[in-house]
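Line by line, the protein sequences give chains A and B. All letters in the first sequence, in the order written, are residues 1 to 456 by the working numbering. All letters in the second sequence, in the order written, are residues 1 to 545 by the working numbering.
Simulated from the structure, these hints should not be mistaken for laboratory data. Quantities reported herein were computed from a predicted structural model and do not represent experimental measurements. Some hints here could point you the wrong way.
[What the hints assert, rightly or not] Straight line, CA to CA, 30 angstroms or less: simulated BS3-like cross-link-like pairs of lysine-lysine:
1) A:Lys-133 - B:Lys-21
2) B:Lys-21 - A:Lys-122
3) A:Lys-189 - A:Lys-222
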Amino acid sequence: MLLRHTPKEIKERSALTVNPAKTCQPVGAMYAALGIHRCLPHSHGSQGCCAYHRSALTRHYKEPVMATTSSFTEGSSVFGGQSNLVEAIGNIFTLYNPDVIAVHTTCLSETIGDDIGQIISKAREEGKIPAGKYVIHANTPSYIGSHVTGFANMVKGMVRYFPEKKAASGGAINIIAGWCEPADARELKRILFDMGIEGIVFPDTSDVLDTPLTGRYAMFPKGGVTVDRLKMTGSSAGTLALGAFASLPAAEELDARFKVRHEALDMPYGIKATDRFLDALMRISGKMVPVSLADERGRLVDMISDMEQYLYKRRVALFGDPDQLIPVTEFLVDIGMRPVYVVTGTPGNYFEERMAGILGDIPEAKFKHGDMFLLHQWIKNEKVDLLMGNTYGKYISRDDDIPFLRFGFPILDRTGHSYFHSVGYTGAMRFLERILNSLMDRQDRDAPEESFELVM
Amino acid sequence: MKRNDGTWQVNPSSIKENLIKRYSAKVGKKRAKQIVINNPKSSPGQEIGANVRTVPGIITQRGCTYAGCKGVVLGPTRDILNLTHGPIGCGFYSWLTRRNQTRPEKDTDPNFMPYCLSTDMQDENIIFGGEKKLRQAVEEAYAIFKPRAIGIFATCPVGLIGDDIHSVARDMSEKLGINVFGFSCEGYKGVSQSAGHHIANNQLFKHVIGKNPAVPDGKYKVALLGEYNIGGDAFVLEDMFRRCGIGIVATFSGNSTYDGFAGAHHADLNLAMCHRSINYVADMIEKKYGVPWIKVNFTGADATAKSLRKVAGYFESAELMSRVEKVIEEEMEKIRPVQEDVKLRTAGKTAMLFVGGSRAHHYQELFREMGMKIVAAGYEFAHRDDYEGRGVLPAIKVDADSRNIEELDVKPHPEQYRPRKTPEDMERLARAGISFKSYEGMMPEMDEGTLVIDDINHFETEILIEKYKPDIFCAGIKEKYVIQKMGIPMKQLHSYDYGGPYAGFAGAINFYRDVDRMIGSKVWKLVVPPWEKDEPIAAMFINPV
Numbered sequence: 001m002l003l004r005h006t007p008k009e010i011k012e013r014s015a016l017t018v019n020p021a022k023t024c025q026p027v028g029a030m031y032a033a034l035g036i037h038r039c040l041p042h043s044h045g046s047q048g049c050c051a052y053h054r055s056a057l058t059r060h061y062k063e064p065v066m067a068t069t070s071s072f073t074e075g076s077s078v079f080g081g082q083s084n085l086v087e088a089i090g091n092i093f094t095l096y097n098p099d100v101i102a103v104h105t106t107c108l109s110e111t112i113g114d115d116i117g118q119i120i121s122k123a124r125e126e127g128k129i130p131a132g133k134y135v136i137h138a139n140t141p142s143y144i145g146s147h148v149t150g151f152a153n154m155v156k157g158m159v160r161y162f163p164e165k166k167a168a169s170g171g172a173i174n175i176i177a178g179w180c181e182p183a184d185a186r187e188l189k190r191i192l193f194d195m196g197i198e199g200i201v202f203p204d205t206s207d208v209l210d211t212p213l214t215g216r217y218a219m220f221p222k223g224g225v226t227v228d229r230l231k232m233t234g235s236s237a238g239t240l241a242l243g244a245f246a247s248l249p250a251a252e253e254l255d256a257r258f259k260v261r262h263e264a265l266d267m268p269y270g271i272k273a274t275d276r277f278l279d280a281l282m283r284i285s286g287k288m289v290p291v292s293l294a295d296e297r298g299r300l301v302d303m304i305s306d307m308e309q310y311l312y313k314r315r316v317a318l319f320g321d322p323d324q325l326i327p328v329t330e331f332l333v334d335i336g337m338r339p340v341y342v343v344t345g346t347p348g349n350y351f352e353e354r355m356a357g358i359l360g361d362i363p364e365a366k367f368k369h370g371d372m373f374l375l376h377q378w379i380k381n382e383k384v385d386l387l388m389g390n391t392y393g394k395y396i397s398r399d400d401d402i403p404f405l406r407f408g409f410p411i412l413d414r415t416g417h418s419y420f421h422s423v424g425y426t427g428a429m430r431f432l433e434r435i436l437n438s439l440m441d442r443q444d445r446d447a448p449e450e451s452f453e454l455v456m
Numbered sequence: 001m002k003r004n005d006g007t008w009q010v011n012p013s014s015i016k017e018n019l020i021k022r023y024s025a026k027v028g029k030k031r032a033k034q035i036v037i038n039n040p041k042s043s044p045g046q047e048i049g050a051n052v053r054t055v056p057g058i059i060t061q062r063g064c065t066y067a068g069c070k071g072v073v074l075g076p077t078r079d080i081l082n083l084t085h086g087p088i089g090c091g092f093y094s095w096l097t098r099r100n101q102t103r104p105e106k107d108t109d110p111n112f113m114p115y116c117l118s119t120d121m122q123d124e125n126i127i128f129g130g131e132k133k134l135r136q137a138v139e140e141a142y143a144i145f146k147p148r149a150i151g152i153f154a155t156c157p158v159g160l161i162g163d164d165i166h167s168v169a170r171d172m173s174e175k176l177g178i179n180v181f182g183f184s185c186e187g188y189k190g191v192s193q194s195a196g197h198h199i200a201n202n203q204l205f206k207h208v209i210g211k212n213p214a215v216p217d218g219k220y221k222v223a224l225l226g227e228y229n230i231g232g233d234a235f236v237l238e239d240m241f242r243r244c245g246i247g248i249v250a251t252f253s254g255n256s257t258y259d260g261f262a263g264a265h266h267a268d269l270n271l272a273m274c275h276r277s278i279n280y281v282a283d284m285i286e287k288k289y290g291v292p293w294i295k296v297n298f299t300g301a302d303a304t305a306k307s308l309r310k311v312a313g314y315f316e317s318a319e320l321m322s323r324v325e326k327v328i329e330e331e332m333e334k335i336r337p338v339q340e341d342v343k344l345r346t347a348g349k350t351a352m353l354f355v356g357g358s359r360a361h362h363y364q365e366l367f368r369e370m371g372m373k374i375v376a377a378g379y380e381f382a383h384r385d386d387y388e389g390r391g392v393l394p395a396i397k398v399d400a401d402s403r404n405i406e407e408l409d410v411k412p413h414p415e416q417y418r419p420r421k422t423p424e425d426m427e428r429l430a431r432a433g434i435s436f437k438s439y440e441g442m443m444p445e446m447d448e449g450t451l452v453i454d455d456i457n458h459f460e461t462e463i464l465i466e467k468y469k470p471d472i473f474c475a476g477i478k479e480k481y482v483i484q485k486m487g488i489p490m491k492q493l494h495s496y497d498y499g500g501p502y503a504g505f506a507g508a509i510n511f512y513r514d515v516d517r518m519i520g521s522k523v524w525k526l527v528v529p530p531w532e533k534d535e536p537i538a539a540m541f542i543n544p545v
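Make the full structure from the sequences, and use the hints.
Right, dumping it as structure tokens:
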């Protein structure tokens with residue numbers, strides 16, 4: 001047993017986290033910044049932060065993840081990181097020439113209290129920022145919230161720096177995509193295209209973190225939302241924030257500053273969350289859902305009805321980030337499953353409020369802001385039929401012989417998550433296929449010879 | 001220009017010039033010292049800048065002190081419970097990502113490696129201090145895991161807010177009756193992971209080594225230093241040593257245990273593999289307990305054989321030497337046909353290695369055994385002695401960043417200091433080719449005209465690849481996919497691309513086969529689509545108007 005020290009008996013812990021279901025803010029900020037075209041994320045702190053975040057993202061995407069660091073030393077930790085950041089900005093534009101440097105802080109620079117806005121001004125005064133280039137920033141103290149908070153803060157940083165109010169409304173719809181995969185951003189754009197809607201999807205990591213192998217390396221690939229498009233977000237007709245945790249703070253900022261009306265939605269995972277997404281698009285744009293999307297929905301419903309018997313009342317444990325967990329749990333309930341244990345490491349009452357609503361009809365369900373150690377203890381007390389979460393779940397899955405479906409961040413040991421989308425009706429179909437494969441492979445493995453089924 | 005033998009004709013001086021001129025004057029001056037056109041024969045004693053600060057914004061490979069301490073040195077030990085004191089990230093990123101394998105003897109033996117423990121500091125802990133939470137966390141950890149030892153690792157904010165992890169450790173040791181010790185390995189210390197290795201060495205020496213009085217059985221007792229059991233390397237070496245009849249008393253720190261560390265001083269010879277990360281422990285054990293150390297290399301079949309002979313030579317036993325020779329002979333019989341086979345495809349190919357503090361040197365052996373040529377190499381976090389040899393040590397100036405890392409003042413132990421050899425023995429052995437406390441470094445072993453670059457960055461990497469077009473490039477995960485996008489196979493030498501083991505004889509065979517596979521992979525022939533290769537016959541199916 002790999003997790004041989006995890007006891008069934010649950011003791012209250014007030015200070016110790018074991019096997020976290022979250023990581024720290026800066027990695028989220030780095031990921032979000034990669035969703036801007038020709039942007040180089042910059043980590044203002046020790047080298048290790050940048051190395052760890054780049055490694056985590058690289059392992060998840062199996063793609064180049066470029067970012068720079070202020071390389072703090074003991075001296076900079078005492079005297080502040082201003083000279084390191086100013087020097088870094090100069091070097092970055094000289095060597096790598098991005099259009100945007102997106103600076104995020106770390107627990108180190110936050111504890112010191114470096115004022116990034118002021119340092120950027122100084123770099124500008126010293127002529128380190130060439131004309132037409134941008135340096136933006138977000139404060140991402142690692143000791144508050146989680147990686148999701150850092151993502152949200154960097155997206156908010158984008159709308160603090162770029163949007164401009166033009167006299168005439170642009171009429172586009174801002175879609176703040178939330179923490180999703182490149183394939184998901186691509187699918188969101190496809191849905192908008194099919195509906196005939198002009199949308200600005202950001203951040204957008206498609207064609208940044210899923211680039212083709214051509215023998216030519218481009219440090220800044222063709223993808224990512226452009227600065228020009230980000231500038232237009234201030235004159236859009238409205239904003240849809242996908243995910244209350246990752247996207248809402250930016251939408252509220254845009255609304256407050258530019259009176260761009262906003263609506264918070266769940267990320268469109270599963271059938272009902274996608275329904276609500278399309279409904280919101282219709283309401284804002286006045287466009288109708290085309291037959292192509294309606295057909296996709298129909299095929300999804302058909303698939304659920306075909307396979308419903310394999311899903312009914314199957315117990316599921318999930319861990320991950322609230323913006324994903326909320327709609328995915330809802331989808332599991334919709335297809336007849338019983339999500340009984342749900343854990344996120346990201347704090348926020350909204351998660352528990354929503355879970356209480358979604359899981360109202362499942363009295364045995366438990367959900368909590370906690371860690372994977374607790375989740376495993378719950379499972380040890382009463383087994384589940386399926387476990388869903390990031391790669392770290394494989395240890396629980398192996399020890400307790402539970403089918404495991406990888407979903408979330410990071411996925412370090414499989415491929416596909418970045419290439420095949422999970423949003424929308426077709427995303428839900430793929431999700432459903434993966435759930436069924438996990439459960440049915442297990443049924444095949446465990447079936448007695450006499451009841452080993454050919455047709456299922 | 002492509003030479004007849006398939007390698008690219010390049011002029012290293014002009015490459016260096018090209019690199020430097022793209023930098024600002026200040027950065028260029030600094031980088032110029034860290035880029036050397038290596039001419040060990042024509043101008044021996046060349047100096048390289050190393051273990052100096054990384055230029056901010058330059059896209060370095062380097063990580064931090066915490067990574068070197070908690071991640072590298074203490075990470076592979078299964079029964080010391082590691083607790084990170086800090087915000088959640090540092091603990092999270094160092095959780096199982098380094099592929100340190102471990103194999104407890106029994107199912108019931110402790111193995112804490114799949115667990116990530118953290119105090120997950122919140123803003124109120126930063127403002128009001130985190131010692132109270134740390135104390136509570138240690139108690140909670142003890143209640144669940146009942147370990148014999150707990151290591152506490154400080155992250156950046158801990159040093160800044162002044163939490164005294166060492167006093168918490170002392171109190172907790174007393175209260176719980178177990179060994180609790182702290183590591184002040186805040187990420188901002190030093191200039192790279194290297195400072196973390198040193199801090200880890202110091203604390204292990206102060207708090208663990210020497211605490212186990214049980215003298216292990218065995219005639220020939222060694223400790224392996226700087227072996228981290230990535231991908232099972234230690235298992236290969238353990239098996240090899242067992243067959244030779246040599247007992248491994250302790251390993252720092254692949255597949256290791258607390259008891260092993262605590263009894264390391266019972267070894268009669270210390271074998272330093274990764275010189276950079278562990279030479280401090282080797283030196284301190286020698287001073288305090290009288291155990292001599294030699295530099296060995298178990299990467300590459302010939303190097304492994306050579307190192308084994310050195311070990312047997314040290315013990316001056318004909319019986320041991322004949323056992324060692326027998327093992328070498330058996331292994332070489334298996335190695336040779338594989339070497340001959342892969343050489344058909346790999347001979348004359350070129351490689352670059354930019355990694356670590358010893359691997360960029362050691363792995364050159366394996367490439368040479370495949371008939372390959374090293375055109376450029378360098379370390380991520382090594383010091384000048386790893387490049388130029390330990391002879392340079394007295395000449396290294398201690399700068400402000402290194403001065404902050406504690407140097408322990410070690411004296412012979414009043415009872416337990418026991419020189420294993422007399423000075424006359426040592427001299428005789430040295431004359432026989434067993435040089436103690438000696439490491440020649442990477443540069444003297446590399447060819448004339450090769451490029452040696454310390455702390456290489458992304459910009460330099462891109463230019464090097466463009467100019468040299470090597471057949472394979474070795475570095476870490478952050479570099480991996482950049483290189484491969486250029487159509488060049490990239491071998492990770494931190495994680496071995498989730499393969500291995502690569503140590504010893506068995507590992508050499510794995511490495512030859514992996515490199516052979518990578519260089520010959522069909523995927524590289526699929527990169528250019530057919531319509532870009534040939535003139536397409538356009539519009540065949542469209543009817544002429």
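Outcome of the hint check:
Straight-line distance between C-alpha atoms of Lys-133 (chain A) and Lys-21 (chain B) comes to about 23 angstroms, which keeps the hinted pair within the 30 angstroms bound. Under the criterion of a C-alpha separation no larger than 30 angstroms, the hint pairing Lys-21 (chain B) with Lys-122 (chain A) is consistent with the structure, at around 26 angstroms. Simply put, Lys-189 (chain A) and Lys-222 (chain A) have alpha-carbon atoms about 15 angstroms apart, close enough for the 30 angstroms limit, and the pair holds.
Of the numbered hints stated above, none is contradicted by the structure.
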